[in-house]
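Asks: Given next are the chains, with one letter for each unit.
Number of protein chains: 2
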Amino acid sequence: MTLLESLQKTFQPSHPKTSSMVVVGTMAFDSIETPFGKSDNIIGGAATYISLAASYFIKNIRLVSVIGGDFPKEQISLMNHRGIHTDGVQVKENEKSFFWKGSYHLDMNTRDTLVTELNVLATFDPIFPESYQECEFLMLGNLTPTIQKSVIERLRTRPKLIVLDTMNFWIEHTPNELAQVLKMIDVLTINDAEARELSGEYSLVKAAKNILERGPKYLIIKKGEHGALLFHENNVFFAPALPLEEVFDPTGAGDAFAGGFVGYLAQTNDISYDNMKRAIIYGSTMASFCVEKFGTERLINITQEDIEERVQDFVDLVQFDIALVD
Amino acid sequence: MTLLESLQKTFQPSHPKTSSMVVVGTMAFDSIETPFGKSDNIIGGAATYISLAASYFIKNIRLVSVIGGDFPKEQISLMNHRGIHTDGVQVKENEKSFFWKGSYHLDMNTRDTLVTELNVLATFDPIFPESYQECEFLMLGNLTPTIQKSVIERLRTRPKLIVLDTMNFWIEHTPNELAQVLKMIDVLTINDAEARELSGEYSLVKAAKNILERGPKYLIIKKGEHGALLFHENNVFFAPALPLEEVFDPTGAGDAFAGGFVGYLAQTNDISYDNMKRAIIYGSTMASFCVEKFGTERLINITQEDIEERVQDFVDLVQFDIALVD
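Just so you know, the sequences run in chain order A and B. For the first sequence, position 244 (counting from the first letter as 1) is numbered 279 according to my numbering, and the numbering increases by one without interruption. For the second sequence, position 290 (counting from the first letter as 1) is numbered 325 according to my numbering, and the numbering increases by one without interruption.
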């Protein structure tokens, strides 16, 4: 069996009935400035990026979010067409969707938030349709920890895996609420600066030990162009980001990563540590596509072959033959 | 064969007669301040770190450097004891050795140079003993490009592999001299900021393409705690740095990396791309030891078992089983 054949094998769902996955998070308009250009009022939001990336892996994605009357119906249709259910997306016809405007520096690892308009998000109370109750994989995109917690509590059966993303704003402003929800989840994804802030430790190894004592069994620290680390008990796994000629727009890369990660776990229905390593490679793959164009443009236009080739690029990037011996 | 047995096999010289290696560079006194402490007038210098790291791989290391009468004789004895020949180390009894004082920031990836006293280095004209002429592997530590070039010209037979390290100072102040020596070498090692400065490209992929057109067939971009990239033709290989609980003192890490890299290549006498990948893992291994203590303290106290265990840590860190299929 060639490596590519093995990848193809890996990539296909191993179970005829794929798992169900619920994604909770924002759907938004973004205005983005990067050193390479600007784009006004394009589709964005954590749940948008997460579900689009995951849709390359499974077809039973159930979205929980809120949008205003200004959110384009065609975007909803596009997502439905990709197997993303939107029964749990509330439409507040007379209000405006969440809006974010940001500007990236040359290194693309740092950005300034210029405008945040909560709009519909200010009063968001997630609706959980009955059809969503059978939820094996739950991905909680970045949102206020109170809402993330309420979602978990509204599920009658605890999902097989709960993954949560958060950010510095909640670490600083709602530490107690965040601490509560951290006790209820399996995997936490945050970036390196946030891991340092949450733990009070500069060393990421020490930060990880500290955070793993707060509840999550797995911790993924995202380092942007410097890759991602997975911590679990005393194990650590590292996946680089793919070195790209151009990073066009980093917006959504972390969410595309999370979508690929959880999507792959749901597709394979295997939450072992070894499968999480593979899932991180698939997450990194989806992030590497995401940054190639503005907004979600690249994420809605990927082929199965693109994904297989890109995963092969990751294999070539890190593989050395000491690792190939039994 | 277990993985560890395979590592042990890899680690032993595959040829009874190991290759010869010449190291050219500074031997110095350093005063270092890090967030964890300070250390005054300890032994440092690129050639010191390079040759100590390489001495774990081969025993025919020939050093070319210059020191003052103040340089401790015991340090020379220690190096001789580790198989490092010092016939090419000039001693200027009435002068002082090169001195550097620097201070590291909390992130340990940036530092300020507080004092540089060239002393003996100001008039350094490398001596090349006849016994050094048979040189298969030449490692040119960071020095003025004119001296690096003169060393290559003084060798009657071109070495099998010439590796050169440089820094921002030479990129800015002697670009023409640097351009000349770049045409004469095989492998260039520089850090990410220097790669960007030398090429004028922000993207490291574009920077690498640019630099590979200037002479070197291989380019290693060192990213400190974020690992190292190897570029060759259209190939790219990435090795992470090992996530450590504490980075005590990063001084010499890049040189320890270079020493492990060239030392392993010389030991195995194999300069193929695949072996360079392995050599980078050994280089990263030596760098990971170097930063654990101040100065060269850790580098003079490593066992074969330490190295094997540490390489295994690197395997565990990046290995995912997609890469293990034929």
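Treat the hints loosely; a few may be bogus.
It does not matter which identical chain is used: a pair holds within one copy or between any two.
Said to hold, decoys possible - List of simulated lysine-lysine pairs, DSBU-like, C-alpha gap at most 30 Å:
| id | residue 1 | residue 2 |
| --- | --- | --- |
| 1 | 244 | 258 |
| 2 | 94 | 241 |
| 3 | 241 | 258 |
| 4 | 258 | 312 |
| 5 | 328 | 241 |
| 6 | 258 | 328 |
| 7 | 73 | 241 |
| 8 | 258 | 184 |
| 9 | 258 | 195 |
| 10 | 244 | 328 |
| 11 | 73 | 244 |
| 12 | 258 | 218 |
| 13 | 184 | 131 |
| 14 | 108 | 244 |
| 15 | 73 | 184 |
| 16 | 218 | 108 |
| 17 | 258 | 108 |
By construction, these hints were calculated from the structure, which means they are not laboratory data.
Asks: All hints are to be evaluated individually against the structure, with a verdict given for each.
Replies: Status of the hints after comparison with the structure:
{"no.": "1", "hint": "244 - 258", "verdict": "both (17 Å within a copy, 24 Å between copies)"}
{"no.": "2", "hint": "94 - 241", "verdict": "neither (38 Å within a copy, 38 Å between copies)"}
{"no.": "3", "hint": "241 - 258", "verdict": "both (16 Å within a copy, 21 Å between copies)"}
{"no.": "4", "hint": "258 - 312", "verdict": "both (16 Å within a copy, 23 Å between copies)"}
{"no.": "5", "hint": "328 - 241", "verdict": "between (36 Å within a copy, 18 Å between copies)"}
{"no.": "6", "hint": "258 - 328", "verdict": "both (20 Å within a copy, 26 Å between copies)"}
{"no.": "7", "hint": "73 - 241", "verdict": "between (39 Å within a copy, 22 Å between copies)"}
{"no.": "8", "hint": "258 - 184", "verdict": "within (26 Å within a copy, 39 Å between copies)"}
{"no.": "9", "hint": "258 - 195", "verdict": "within (27 Å within a copy, 38 Å between copies)"}
{"no.": "10", "hint": "244 - 328", "verdict": "between (36 Å within a copy, 22 Å between copies)"}
{"no.": "11", "hint": "73 - 244", "verdict": "between (40 Å within a copy, 27 Å between copies)"}
{"no.": "12", "hint": "258 - 218", "verdict": "within (24 Å within a copy, 35 Å between copies)"}
{"no.": "13", "hint": "184 - 131", "verdict": "within (25 Å within a copy, 66 Å between copies)"}
{"no.": "14", "hint": "108 - 244", "verdict": "neither (45 Å within a copy, 44 Å between copies)"}
{"no.": "15", "hint": "73 - 184", "verdict": "neither (36 Å within a copy, 47 Å between copies)"}
{"no.": "16", "hint": "218 - 108", "verdict": "neither (37 Å within a copy, 59 Å between copies)"}
{"no.": "17", "hint": "258 - 108", "verdict": "neither (35 Å within a copy, 45 Å between copies)"}
The structure does not agree with the numbered hints 2, 14, 15, 16, 17 stated previously, though it agrees with the rest.
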